[in-house]
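Position chain B against the provided structure of chain A, taking the given hints into account.
Line by line, the protein sequences give chains A and B.
As numbered in this note's numbering, residues 1 to 294 make up the first sequence, in order.
As numbered in this note's numbering, residues 1 to 294 make up the second sequence, in order.
Bear in mind the hints are in silico, worked out from the structure with no lab data behind them.
Values in this document were obtained by computation on a predicted structure and should not be read as measured data.
Every clue listed holds true.
Cβ pair distances, simulated, as ranges:
| # | chain 1 | residue 1 | chain 2 | residue 2 | range |
| --- | --- | --- | --- | --- | --- |
| 1 | B | Asp41 | A | Asp224 | 55 to 65 Å |
| 2 | B | Gly276 | A | Gly267 | 56 to 66 Å |
| 3 | B | Met11 | A | Leu77 | 25 to 35 Å |
| 4 | A | Gly202 | B | Val9 | 52 to 62 Å |
| 5 | B | Ser14 | A | Glu292 | 28 to 38 Å |
| 6 | A | Leu77 | B | Val132 | 45 to 55 Å |
| 7 | A | Asp224 | B | Val9 | 41 to 51 Å |
| 8 | B | Thr74 | A | Leu244 | 50 to 60 Å |
| 9 | A | Asp237 | B | Ala82 | 48 to 58 Å |
| 10 | B | Glu210 | A | Val235 | 32 to 42 Å |
| 11 | B | Gln220 | A | Lys34 | 48 to 58 Å |
| 12 | A | Ser150 | B | Ser14 | 27 to 37 Å |
A virtual CB, placed ideally from N, CA and C, is assigned to each residue, including glycine.
There are 2 protein chains.
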Amino acid sequence: MMNVSDCAVTMVPSLKNRALNYGDGCFSTMLSRKGHIQLLDRHTKRLVNDAKKLKIINSKVSFSIDDLKNLIKTFALESYNAAKQSTETKSVETEWQIVKLLIARGDSERGYAPSMDSAPVFIPSAKDYYPVADHTVSLGLAHMKLAEQSILSGVKHLNRLEQVMAKIELADHEGVDDLILTNAKGLVIELTSSNVFYCIDGIWHTPCVEKSGVNGVMRQYILDYMQRNQIICNVSDMHVSALLSAQTAFSCNAVTQLVPVSHVSIGNESTCYDIGPSQCLAQKISDEIAKEKS
Amino acid sequence: MMNVSDCAVTMVPSLKNRALNYGDGCFSTMLSRKGHIQLLDRHTKRLVNDAKKLKIINSKVSFSIDDLKNLIKTFALESYNAAKQSTETKSVETEWQIVKLLIARGDSERGYAPSMDSAPVFIPSAKDYYPVADHTVSLGLAHMKLAEQSILSGVKHLNRLEQVMAKIELADHEGVDDLILTNAKGLVIELTSSNVFYCIDGIWHTPCVEKSGVNGVMRQYILDYMQRNQIICNVSDMHVSALLSAQTAFSCNAVTQLVPVSHVSIGNESTCYDIGPSQCLAQKISDEIAKEKS
Numbered sequence: 001m002m003n004v005s006d007c008a009v010t011m012v013p014s015l016k017n018r019a020l021n022y023g024d025g026c027f028s029t030m031l032s033r034k035g036h037i038q039l040l041d042r043h044t045k046r047l048v049n050d051a052k053k054l055k056i057i058n059s060k061v062s063f064s065i066d067d068l069k070n071l072i073k074t075f076a077l078e079s080y081n082a083a084k085q086s087t088e089t090k091s092v093e094t095e096w097q098i099v100k101l102l103i104a105r106g107d108s109e110r111g112y113a114p115s116m117d118s119a120p121v122f123i124p125s126a127k128d129y130y131p132v133a134d135h136t137v138s139l140g141l142a143h144m145k146l147a148e149q150s151i152l153s154g155v156k157h158l159n160r161l162e163q164v165m166a167k168i169e170l171a172d173h174e175g176v177d178d179l180i181l182t183n184a185k186g187l188v189i190e191l192t193s194s195n196v197f198y199c200i201d202g203i204w205h206t207p208c209v210e211k212s213g214v215n216g217v218m219r220q221y222i223l224d225y226m227q228r229n230q231i232i233c234n235v236s237d238m239h240v241s242a243l244l245s246a247q248t249a250f251s252c253n254a255v256t257q258l259v260p261v262s263h264v265s266i267g268n269e270s271t272c273y274d275i276g277p278s279q280c281l282a283q284k285i286s287d288e289i290a291k292e293k294s
Numbered sequence: 001m002m003n004v005s006d007c008a009v010t011m012v013p014s015l016k017n018r019a020l021n022y023g024d025g026c027f028s029t030m031l032s033r034k035g036h037i038q039l040l041d042r043h044t045k046r047l048v049n050d051a052k053k054l055k056i057i058n059s060k061v062s063f064s065i066d067d068l069k070n071l072i073k074t075f076a077l078e079s080y081n082a083a084k085q086s087t088e089t090k091s092v093e094t095e096w097q098i099v100k101l102l103i104a105r106g107d108s109e110r111g112y113a114p115s116m117d118s119a120p121v122f123i124p125s126a127k128d129y130y131p132v133a134d135h136t137v138s139l140g141l142a143h144m145k146l147a148e149q150s151i152l153s154g155v156k157h158l159n160r161l162e163q164v165m166a167k168i169e170l171a172d173h174e175g176v177d178d179l180i181l182t183n184a185k186g187l188v189i190e191l192t193s194s195n196v197f198y199c200i201d202g203i204w205h206t207p208c209v210e211k212s213g214v215n216g217v218m219r220q221y222i223l224d225y226m227q228r229n230q231i232i233c234n235v236s237d238m239h240v241s242a243l244l245s246a247q248t249a250f251s252c253n254a255v256t257q258l259v260p261v262s263h264v265s266i267g268n269e270s271t272c273y274d275i276g277p278s279q280c281l282a283q284k285i286s287d288e289i290a291k292e293k294s
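Bound-form chain A, shown alone:
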């Protein structure tokens, strides 16, 4: 088995980097507190799963998950220490960083065909983060529809033009903070950069991500939390109109964690949500994550 030390860790990607040329890679965006990554086990597991789905990890190329974890841990600690040392240049100090690890298939000559034995290239980066207290989001509906591609679905790969176009569209929607992305059939998939959960008559629902969408680390964590705590949650396809009959809803990703949705507008109809139940769940999950050892 190849080791992480056999792979290039770089901050200066080459012209032949396949992430640059074809979006040929995957990534995870993690929240770090005082240099410790939240949900590190899940992030590394997800990175390895996604790299396998893209066949970046294959019969010739692999690396140890523990080495990957160490790489991220070391980088997060160094980034936090560097941020602390540079506090004099900042207006507000923060103990939080967003740490991202991008895994490119590596470098190759021209052409879509990859070399199956080229070593992956790891590109870590970090950025200060300032959490917003009592944050809520309001939702509109994107005109753009997500395509269905089952071989890429669920994977947090680097082909993110749909999300980029959705964010551009968001600028044209007045009075909403984020957009619901649906597929061509009008089924809810996700938001522009987070997953979504909603509750109708005491039953939670979250969209299936088997044909489109990202199977987010926080989505997975919440589903496990709900199962452990006997909270019923259906993972199923539902038409976007279902959101109008929900009583509470939240968006989630690994950085913002759970953010209650204040209201949703779809066409001429809109619904105001009770943010209480989402806030309560957000607090419980946030407390549980904070107790985890990274």
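Positioned in the frame of chain A, the structure of chain B alone reads:
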């Protein structure tokens, strides 16, 4: 209007480059002979069209097409001169280069949302090319289906994981050189890195690329050539089984130009093609392109 000189031309993409992080950009791959780009007008027009579709060019950001042309021309000439000077290290000399221009939306902070006024980043690259005489290709059918996404369709953007996965799949297909890519309905779209034309009972056909696929520069050139020369060609959706009843077919892109298909295998059925008509058309078009002033 922004000028090309206001945009960064770089060979060292930064960590914040949006092509690297999200595949947020487009590109064109061009054939250069003795430092002169073939079909340069079409390549620059395509790059500008694609950049507009992705809203890299928008109300705040634009650049002159002539400046873009000059940038490519200068780069192609310099690359050819550099290649000539380094001939001593090569076993075979070549007058051909493949020149690629990648246009990234530019750099940005973390997140899918782009800044609409950030200057695009141009990344040119070049590589020696050795044309293969009397080249033909045999085709199989990819299991992988192309997704339908009308806002990205036709565009040669950097989200190319479907093509990468198709090239990986190709390695498992014995005895064929390339794969036919279809959509979920089984309609022919393109090959892994080229468009396809086929002739049934004297009528040429090429797939529509309105919902999936790339509207290649050579595809456009051939369609115009056929129109100028009263050769009937239908641009339409056709089920992949239609290829079994064709008499001749060719693949095409800006680098390989027209390559006759020798035979096609779909499931248990296969058809051998008459390569004569495709070879004849390939020669005529190659001669016409060679006469164009770049």
